[in-house]
Amino acid sequence: MELLECVEHVIKTRRSHRLYLDKPVEREKLEKMIELAMWAPSAMNRQQWFFVVVAGKRLKEMIGIVEKGYEHILPRLQRFFAETPKVIEQTRRFFKSLGNAPAAVFAYYTPTGDDYSDVQSVSAAIQNMLLAAHAMGLGTCWMTGPVHVEEEINKALGVEGKKLVAVITVGYPAKQPPVPPRRDSEKKVVWMLD
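Numbering-wise, the sequence shown is residues 1 to 194 according to UniProt numbering.
Calculated directly from the structure, the hints in this document are not laboratory data. In this text, all values refer to a predicted model and were calculated from it rather than measured experimentally. Heads up, a few of these hints could be off.
To be verified - Heads up, simulated SDA-like pairs for lysine to any residue below, C-alpha to C-alpha not over 20 Å straight-line:
(1) Lys162 <-> Thr144
(2) Lys162 <-> Lys96
(3) Lys163 <-> Phe51
(4) Lys23 <-> Tyr172
(5) Lys155 <-> Pro111
(6) Lys60 <-> Pro173
(7) Lys32 <-> Lys60
(8) Lys162 <-> Gln47
(9) Lys68 <-> Thr13
(10) Lys175 <-> Ile73
(11) Lys60 <-> Leu157
(12) Lys68 <-> Leu157
(13) Lys60 <-> Thr144
(14) Lys68 <-> Glu150
(15) Lys68 <-> Gly99
(16) Lys96 <-> Ile73
(17) Lys60 <-> Ala135
(18) Lys96 <-> Glu150
(19) Lys29 <-> Met136
(20) Lys23 <-> Gly158
(21) Lys60 <-> Gly158
(22) Lys86 <-> Glu71
(23) Lys163 <-> Pro173
(24) Lys162 <-> Val52
(25) Lys23 <-> Glu186
(26) Lys162 <-> Met44
(27) Lys86 <-> Leu19
(28) Lys29 <-> Phe51
(29) Lys60 <-> Arg27
Stated by the list, open to error - What follows is a list of derived Cβ distance ranges for each label pair:
(30) Met38 <-> Asp184: 29 to 37 Å
(31) Arg79 <-> Asp194: 19 to 27 Å
(32) Gly64 <-> Pro111: 25 to 33 Å
(33) Pro75 <-> Arg14: 35 to 43 Å
(34) Leu3 <-> Glu89: 23 to 31 Å
(35) Gln127 <-> His148: 19 to 27 Å
Glycine is no exception: its CB is placed at the ideal position from the N, C-alpha and C atoms.
With the sequences and hints as input, model every part of the structure.
Here is the structure:
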């Protein structure tokens with residue numbers, strides 16, 4: 001398979017997983033995922049990301065804190081999914097258990113005074129992480145709701161002087177989510193090539 005075909009395959013087959021097998025993720029895979037995340041582009045090449053990888057008993061202790069983020073996103077869920085309350089309930093269950101994920105990555109940046117660029121840089125690293133995990137047979141879910149309880153998370157993890165961007169669950173998928181519909185690209189792109 002040519003390089004572009006490989007990249008296209010990984011991009012198009014990656015999904016957000018919210019249910020995981022009761023199977024730990026090998027440390028080597030977690031390390032490779034983080035290594036590849038850190039090859040992302042960053043604003044002015046500052047590479048201001050910072051990751052805390054949590055698993056096992058420590059992650060189970062963190063679930064109670066992460067779960068509190070759900071209440072903060074509930075009004076948005078109710079607005080966006082008023083017609084599909086099933087999504088709201090599934091999200092609640094996911095926050096309550098993290099889908100049985102055996103590991104999670106808490107993705108931060110070290111503030112530089114340029115929050116806009118810092119968040120984008122860490123987001124690029126997270127995308128690398130998701131694609132690398134998928135290529136290794138792992139599932140992930142990029143969660144932003146936990147940022148609403150950042151202070152509690154930071155205290156529990158002993159993190160100081162960093163800003164939380166997201167929590168990414170990691171594990172072996174228990175099922176394959178369906179392919180989400182793609183929005184009409186004609187309404188999302190304007191071409192001005194002449």
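Structure-based check of all given hints:
no.	hint	result
1	Lys162 <-> Thr144	16 Å, holds
2	Lys162 <-> Lys96	25 Å, violated
3	Lys163 <-> Phe51	11 Å, holds
4	Lys23 <-> Tyr172	7 Å, holds
5	Lys155 <-> Pro111	18 Å, holds
6	Lys60 <-> Pro173	18 Å, holds
7	Lys32 <-> Lys60	23 Å, violated
8	Lys162 <-> Gln47	13 Å, holds
9	Lys68 <-> Thr13	31 Å, violated
10	Lys175 <-> Ile73	25 Å, violated
11	Lys60 <-> Leu157	13 Å, holds
12	Lys68 <-> Leu157	16 Å, holds
13	Lys60 <-> Thr144	19 Å, holds
14	Lys68 <-> Glu150	10 Å, holds
15	Lys68 <-> Gly99	15 Å, holds
16	Lys96 <-> Ile73	14 Å, holds
17	Lys60 <-> Ala135	26 Å, violated
18	Lys96 <-> Glu150	17 Å, holds
19	Lys29 <-> Met136	7 Å, holds
20	Lys23 <-> Gly158	27 Å, violated
21	Lys60 <-> Gly158	16 Å, holds
22	Lys86 <-> Glu71	16 Å, holds
23	Lys163 <-> Pro173	29 Å, violated
24	Lys162 <-> Val52	11 Å, holds
25	Lys23 <-> Glu186	42 Å, violated
26	Lys162 <-> Met44	19 Å, holds
27	Lys86 <-> Leu19	16 Å, holds
28	Lys29 <-> Phe51	15 Å, holds
29	Lys60 <-> Arg27	18 Å, holds
30	Met38 <-> Asp184: 29 to 37 Å	35 Å, holds
31	Arg79 <-> Asp194: 19 to 27 Å	40 Å, violated
32	Gly64 <-> Pro111: 25 to 33 Å	27 Å, holds
33	Pro75 <-> Arg14: 35 to 43 Å	29 Å, violated
34	Leu3 <-> Glu89: 23 to 31 Å	41 Å, violated
35	Gln127 <-> His148: 19 to 27 Å	22 Å, holds
In summary, the numbered hints that this structure violates are 2, 7, 9, 10, 17, 20, 23, 25, 31, 33 and 34.
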